[in-house]
Every structure is written in C-alpha cells, then in structure tokens.
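Trainee: These are the residues of each chain, in order.
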Amino acid sequence: MRIPDMVPGARILSFGGYQPDNVVTNHDLAASIDTNDEWIRTRVGIESRRVAGPSETVEDMAVQAGGKALAGSGLSPADVDLVIVATCSTEVPIPNAAASVAHRLGIVSPGAFDLNAACAGFCYALEVASAAVRGGSARNVVVIGAEKMTAWVDWTDRSTCIIFADGAGAAVVGPSYDEPGIGPVVWGSAGDLVEKITIADRTSFLHQDGQAVFRWATTAVHPIAREACERAGVKIDELAAFVPHQANLRIIETIARKLGVPREKVADDIVHAGNTSSASIPLALARMTERGELVSGSQVLLAGYGAGLCYAAQVITVP
Amino acid sequence: MTEQEILEGLGEIVEEIAGVPAADVTPAKSFVDDLDIDSLAMVEIAVAAQDKFGVEIPDDQLKDLATVQDVVTFVIKNTES
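Each protein sequence line maps, in turn, to chains A and B. Per my numbering, the first sequence starts with residue 1, numbered consecutively. Per my numbering, the second sequence starts with residue 1001, numbered consecutively.
Isolated chain A, as found in the complex (with noise of 0.2 angstroms):
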C-alpha cells in the first residue's frame, strides 16, 4: 500500500465572514422581555446582535462566508478538494451543509463533512484541514464555521436569547513549504459536564447552566491556551492577538486576563456581533482582517470552548 508523501506545514490563506443585515439591539430585546441594555453590557457585553431571517439557512450563510473566503485566497473553486463545515444548528440531519455549500460556491466534487464540536467547532475543523493538507489527503480546504442559533433559542428566555446570534465565517487552508501557519491543536472535552450546555432534542430550545458555564469557561480554557502557545513554541507575548471563542465577554477578559495577554490584544467581536458558536472566531478574524487589525505574518491565538464540554486551541500565523 501506498501513501501519499506529508507536507510540511498548513497555512491559511484569507478569511472571510457573513452576517444577517438584520440588527436586533438589546432596546429591542428589552421592549419584549424582562432585561434592559444596562445589564446585557454588564454581564454579557453584547450591545447589538445579527438575526437570520426566517428563510435564510446554515447552509445559505456558510456560503456566503466560504464565497468571501475563496475569492480573497487566490484560489479557484477547482483548486478545492475538501470542505468542512462546522456546525451543531443545522436545519436537518441530512445531507450535511458541506456538500451542498461545495456545490454551491462551483467547488466540483471536494470531500465534504460537517463537523460538530458547537463552540469548539471552527479550531476543531481547523486542526482537521491542516492534518488533511499535512497528510496528504486534501490540496486546500474550505473550513467554515456557520451557525443560526437563534432557531434554537427561546426567546421568552432570557438567559439565552439576549446571547445567542447568527452568522458565518471562514477560512481557506493550503499547504506551506517554509514557515507552518497552523499550529499543534490542544484539544479535549469534559464529558463530565455535558448536560450543562443542552438542546434535548429536535423540538426543543436551547439550555445552559449558565453559572456553570461561566465558572468552567474562566477556569479550564486558559491554560489549555497556554499550551497551545507552548506547544507551537510561541511566547504569550509574542502573540499579535487573542481571538477566543465570543460567548461573553465577562468570559472573554477572564481568560485573557489569567493568559497574561493584554486588553487591547483580545478580540471583542461579540459586541455587535453575538454569540455565533463556532461561526465567532472566525467571524472575527474576518472583521479584524479587513479593519487592518492583523499584520500579516504575526501570530495569533484562537480558543473554542463549549458544548460537550469540547474545548481546542492553536496558534495560527495571520495570512
């Protein structure tokens, strides 16, 4: 048997991100439930949110992140050979969002799953593209993070539904011959913890144990970055930026606080845009792309933790 010669190292290419036009404020939220504005930014941080209409699907948004993705990589479709959607809000079971997303941006027969690991989704799928372009088994690949968690979410809900949003964002990975651009995952879950972050079933809305959420999210995720850092063999200042998952900003300082990284450094993408699952690091390394936040060729740290518990870290170089 044969197999087919590794290549040294992944790299990603160019990001790109979707959201809804549509802005629900948390004045909106407020005129139909018990909360106010005051408190959401107090506690959550989120002063405004993108909500998906009721047509638009996973599926559609992911091809508009994917879109914007390949367009600024250089690439062609053909160039394509394995897409991977991460995602846990998909409208069905089957098909997968992949396939049809590949067909829809004109990429001709790629490999293509979906991938659930909810929060930790995108680093979860990023670590699966590098290993496939490393290994051999994919040219360049198509990772998005797509996500419409507000189908989910009850709205009468206040714990939730003033958090979660929708969105997509993407990246494309293809190989490097010098310097890698993906560093080791660190990757894991806390099985233990799973009923902490549920939906029941395919008729039921969205529940989490909020304050055990929060008190494992600003415990057990820095140092799980910090190894990430360790591993790639990146110091914590040398890092450009810290792009960890946007469930809360309150979660969000925590950790980057006990990382030692500073304030200025952390990406606050959930300010406007909500909690988007596994579309949110992505969505913000978007958005921190074409804000000329990011210098090509720095490093940057990514975190994703959530639901399972699932949790993954790496460092990735900035395209």
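Treat the hints as calculated values from the structure; they're not laboratory data. Careful, some of the hints might be misleading.
[To be verified] Simulated DEER-style distance windows between Cβ atoms:
| # | chain 1 | residue 1 | chain 2 | residue 2 | range |
| --- | --- | --- | --- | --- | --- |
| 1 | B | 1015 | A | 298 | 32 to 40 angstroms |
| 2 | A | 240 | B | 1023 | 36 to 44 angstroms |
| 3 | B | 1012 | A | 262 | 17 to 25 angstroms |
| 4 | A | 235 | B | 1033 | 43 to 51 angstroms |
| 5 | A | 154 | B | 1024 | 31 to 39 angstroms |
| 6 | A | 188 | B | 1034 | 38 to 46 angstroms |
| 7 | B | 1078 | A | 292 | 46 to 54 angstroms |
[Unchecked claim] Taking lysine-lysine and the DSS-like style, the derived pairs with C-alpha atoms no more than 25 angstroms apart in a straight line are:
| # | chain 1 | residue 1 | chain 2 | residue 2 |
| --- | --- | --- | --- | --- |
| 8 | A | 258 | A | 196 |
| 9 | B | 1063 | B | 1052 |
| 10 | B | 1063 | B | 1077 |
| 11 | B | 1052 | A | 258 |
| 12 | B | 1029 | B | 1077 |
| 13 | B | 1063 | A | 196 |
On a predicted model such as this, the values are computed, not experimentally measured, just so you know. Note that CB positions come from ideal geometry on N, CA and C, so glycine has one too.
Here the structure of chain A is known, so what remains is to put chain B in place on it, guided by the hints.
Mentor: Positioned in the frame of chain A, the structure of chain B alone reads:
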C-alpha cells in the same frame, strides 16, 4: 488571613466585578437583596475569590451564601484545614 483582610479582599472583588463600592460590602449585607448582585456575578465573585484566597466555593455551596459574612466565614473555615 484575618476576617478583616478577607472582608477587604472580598470588597475589592465585588467592586471590580459588580461595580459596588468596596465600602458598601459590609458583613450583614445580602448579595441579592442589598447589593443587587445576580447569580452570574456571584459565580464570577466565587472564581475571583478562589484566585485571591485559594478557597474553592462550589456552585452548590455558593447558593447558600446569602450575605457577605457568609462568604467570609466560608473562606475562613476552608482555609483552616
């Protein structure tokens, strides 16, 4: 640590997390009723207290700590061992 030190430390934590002036964090005050601190802020306070005092306050015990004094007593009790 003395009770006074713990009380002051707790005051700093509460001020930082909930914006309540440290001087208002006095023993008899109830977190929810007097200081207007909700359950999510309480968890933040518990995590910060763990970092500051080295004492873990699990969620199931946190819910029984209604007043500032309750937390101070809890920290003292769990530092002694």
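Trainee: Are there hints from earlier that the structure breaks, and if so, what are their numbers?
Mentor: Violated hints: none at all, because every hint is consistent with the structure.
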